[in-house]
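Sequence order for the protein chains is A and B. All residue numbers for the first sequence refer to the working numbering, where the first residue is 1 and numbers rise by one. All residue numbers for the second sequence refer to the working numbering, where the first residue is 1 and numbers rise by one.
Just so you know, these hints were derived from the structure itself, not from any lab. Note that the coordinates shown come from a computational prediction; the quantities given were computed from them, not determined experimentally. Heads up, a few of these hints could be off.
Claimed, not checked - To give an idea of the interface, some chain B residues facing chain A are shown, with a C-beta separation under 10 Å as derived from the structure:
(1) N95
(2) D229
(3) T401
Cβ atoms here follow ideal geometry from the backbone N, Cα and C, with glycine treated the same way.
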Amino acid sequence: MTTAEAPAELDGVTAPPREAVARRSGSAATSILVLPGVLWLVAFFLVPLAIMAVVSVGSVDPAGHITLANPGLGNYTHALDPEFIPALLRSIWYATATTILSLGIGYPVAYWISRYGGRHKVLLLILVMLPFWTSYLIRTYAWVMILRDNGVLNSLLLDSGLIDEPIPILNTDVSVILGMTYGFLPYAILPLFVSIDRLDFSMVQAARDLYASGRGAFLHVTLPLTMPGIIAAGLLTFIPALGDFVTPSVLGGAQTTTIAKLVQTIFTAGRDWPYGSALGFLLMGVTIVGTLIALRSLRREVIGASA
Amino acid sequence: MTERNLPGMSFNEALEEQLARAHWTRREFLRRVAAFGAATALTQLLIACGQAGASATAGAPSTGPTPAGSTTAEATATPAPTPVPSPEDKLFVYNWDAYIGEDTVKQFQDKYGIEVTYDNFPDESTQIGKIQSDGKGGGYDIHYPASTWVPSFVSDGLIQKIDHSLIPNLKNLSTAWQSPAYDPGNAYSVPNFWWTTGYAWDPRDISGSLTSWAELWDPTRKNKMSMLDDLRECFAAGAFRLGLSPNTTSTTELDQILQLLEQQKPLLRFYTATDQITDMINEVVEMAHCWSGDWVQMTYDKPRLKYVIPSEGSIRGNDVMVISSGAPHPIAAHLWIDFNLDGDISAASTNYIGYMGPNDAALPKIDDYIKNDPRLNPPQAVLDELIELEYLKPDDLAEYTDRWNALQA
Numbered sequence: 001m002t003t004a005e006a007p008a009e010l011d012g013v014t015a016p017p018r019e020a021v022a023r024r025s026g027s028a029a030t031s032i033l034v035l036p037g038v039l040w041l042v043a044f045f046l047v048p049l050a051i052m053a054v055v056s057v058g059s060v061d062p063a064g065h066i067t068l069a070n071p072g073l074g075n076y077t078h079a080l081d082p083e084f085i086p087a088l089l090r091s092i093w094y095a096t097a098t099t100i101l102s103l104g105i106g107y108p109v110a111y112w113i114s115r116y117g118g119r120h121k122v123l124l125l126i127l128v129m130l131p132f133w134t135s136y137l138i139r140t141y142a143w144v145m146i147l148r149d150n151g152v153l154n155s156l157l158l159d160s161g162l163i164d165e166p167i168p169i170l171n172t173d174v175s176v177i178l179g180m181t182y183g184f185l186p187y188a189i190l191p192l193f194v195s196i197d198r199l200d201f202s203m204v205q206a207a208r209d210l211y212a213s214g215r216g217a218f219l220h221v222t223l224p225l226t227m228p229g230i231i232a233a234g235l236l237t238f239i240p241a242l243g244d245f246v247t248p249s250v251l252g253g254a255q256t257t258t259i260a261k262l263v264q265t266i267f268t269a270g271r272d273w274p275y276g277s278a279l280g281f282l283l284m285g286v287t288i289v290g291t292l293i294a295l296r297s298l299r300r301e302v303i304g305a306s307a
Numbered sequence: 001m002t003e004r005n006l007p008g009m010s011f012n013e014a015l016e017e018q019l020a021r022a023h024w025t026r027r028e029f030l031r032r033v034a035a036f037g038a039a040t041a042l043t044q045l046l047i048a049c050g051q052a053g054a055s056a057t058a059g060a061p062s063t064g065p066t067p068a069g070s071t072t073a074e075a076t077a078t079p080a081p082t083p084v085p086s087p088e089d090k091l092f093v094y095n096w097d098a099y100i101g102e103d104t105v106k107q108f109q110d111k112y113g114i115e116v117t118y119d120n121f122p123d124e125s126t127q128i129g130k131i132q133s134d135g136k137g138g139g140y141d142i143h144y145p146a147s148t149w150v151p152s153f154v155s156d157g158l159i160q161k162i163d164h165s166l167i168p169n170l171k172n173l174s175t176a177w178q179s180p181a182y183d184p185g186n187a188y189s190v191p192n193f194w195w196t197t198g199y200a201w202d203p204r205d206i207s208g209s210l211t212s213w214a215e216l217w218d219p220t221r222k223n224k225m226s227m228l229d230d231l232r233e234c235f236a237a238g239a240f241r242l243g244l245s246p247n248t249t250s251t252t253e254l255d256q257i258l259q260l261l262e263q264q265k266p267l268l269r270f271y272t273a274t275d276q277i278t279d280m281i282n283e284v285v286e287m288a289h290c291w292s293g294d295w296v297q298m299t300y301d302k303p304r305l306k307y308v309i310p311s312e313g314s315i316r317g318n319d320v321m322v323i324s325s326g327a328p329h330p331i332a333a334h335l336w337i338d339f340n341l342d343g344d345i346s347a348a349s350t351n352y353i354g355y356m357g358p359n360d361a362a363l364p365k366i367d368d369y370i371k372n373d374p375r376l377n378p379p380q381a382v383l384d385e386l387i388e389l390e391y392l393k394p395d396d397l398a399e400y401t402d403r404w405n406a407l408q409a
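Here chain A stands alone, though its shape is the one from the complex (with noise of 0.2 Å):
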């Protein structure tokens, strides 16, 4: 198999495979360089978890104060209440369909802007990157005025007389993931674009001399070589998917709520920040062994195979 070349390309390190793959970037020039990166992750990124891992002990006092007088993990035990399974099951279950809807139609495109954009690639990109220019929230209004009863959509469906009567689109299943799916297209379609982009055409090129039908060289090339880039899409449309409350909030209705919704909830009207960052922590914890086992899986599959 030519997988041999994935890692090393992965990693941006000229090195036998697996253990000597290690993170060894030695010296002070590149330390000076990943300062500012370190710093912001800290200030930004760690700082605030921090701050959110002893809110989450704390408790609040009769005056609504957080107070950490009696430290426990009595949150956690409340935040593991079986009331929270029926949203967190529709969020998982609403950025599963995202995540696929969104590889199932990022590949193709990405597909296509890398082999056939030829001098159009960048305009191509800086397309699929246009509607970040516009707030996220304006966008998803205008998904509320095209789905609903009386919208552009159901307008269309019943001058065409192809219904009767408006089909009820908005505050479903429906109208949730396909404004998910509408809001993380482009971050599916970047890192897929990047893989594909990358791949060495030869390969598929060879694969066909050898031959190999169109199919079977996709599937035993072209889809394992970017598999990376699946799995960089991937994650990067599920974890926000699955904390997304924006979307569930405009486009949802009253079945459609997600365990982002109920975190916003506890902080908001419950005011209760320490029993919501319990909350919050025990979904980040789910989320991070999902995406270790998910990527163990795959790197085992892409790179194992050649060990």
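Add chain B to chain A, keeping to what the hints say.
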């Protein structure tokens, strides 16, 4: 109020109404602000953050009145036409969008020569977060929280005592508002506007005159109703149906209410606290749990829509003007409250936004269509029956939140 069957007609009719009555343009504007509120919310948030940052740096070094140095710098920019007992030359106000008279801020600036920074927030959590951010008001002098927050703000030291000698217009408050339960004697707050909770419906789809909360549980309206995305208001609606207090803290009673709300949930299209106006106008739902002011804004587009304060009882609420404990400009803040209690100023605000205030001096100047509508200005006998939502202690609120989340999940 003509019947409409074609959705397309509403625009033409709205246009005709515009042409027929010139004074509707400002209300149309108001409606647009409401409709696009969500779209502009982010921008406003950014502006508000920027402004608050600026005001925080301005106010941080001195929590007392502004030092003389900055006064001279400002005096060249805005000369004071009417000198009053040493007010500061600036004022920072934080209020809801479209929730004051059209010219009130300008008139205040012209009268006192005080430069007002008037910032808006998109929702209550942003507002409360700002007040609590530094434990003394987040750099703003004046806030407009709902009255239910007052006791906790007092105990947290977020707001300061009002100096009644600086606010002669307090005499304009009607007797019912001289000593509200949330703040006896208006010691820390001054009432601003008030509202009721009920529901709006479209008489094209629903005939007859409705009076009961039970209408929101009618299975024939499945998927055509919405409730407020507000746990206190939803539990209150359930409590009234069961004849319980909307401020109950009994867990057995809360369980009964939850059971009732669980029966209702499958019938609902959505819970929302932002889209009830546009969704009634656009006929997405035919019945919506809402606040009285929401209904006023709905009627600007669809005059046929109806509203009722349910007969089993309902909620009344009001918001208040308060002065932050860390207000950089306390004298100017008192002047601001006094100015807004003026009969003419208060009436102009009510005529513009559609909410009634507690101001007796304003009554003669309020437009008849607001004043004479029992749904906007209910008779005292009705008002007396309505109940205010009380501030809940964290442990009690947690009992609500847990059940609300179980319902939502």
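Hint check: is the beta carbon of D229 (chain B) less than 10 Å from a beta carbon of chain A? OK, holds: D229 (chain B) within 10 Å of chain A, min 8 Å.
Against chain A, is T401 (chain B) within 10 Å by beta-carbon distance? holds, 4 Å
Any CB of chain A closer than 10 Å to the CB of N95 (chain B)? violated, 19 Å
The structure fails hint 1 only (numbered hints given earlier).
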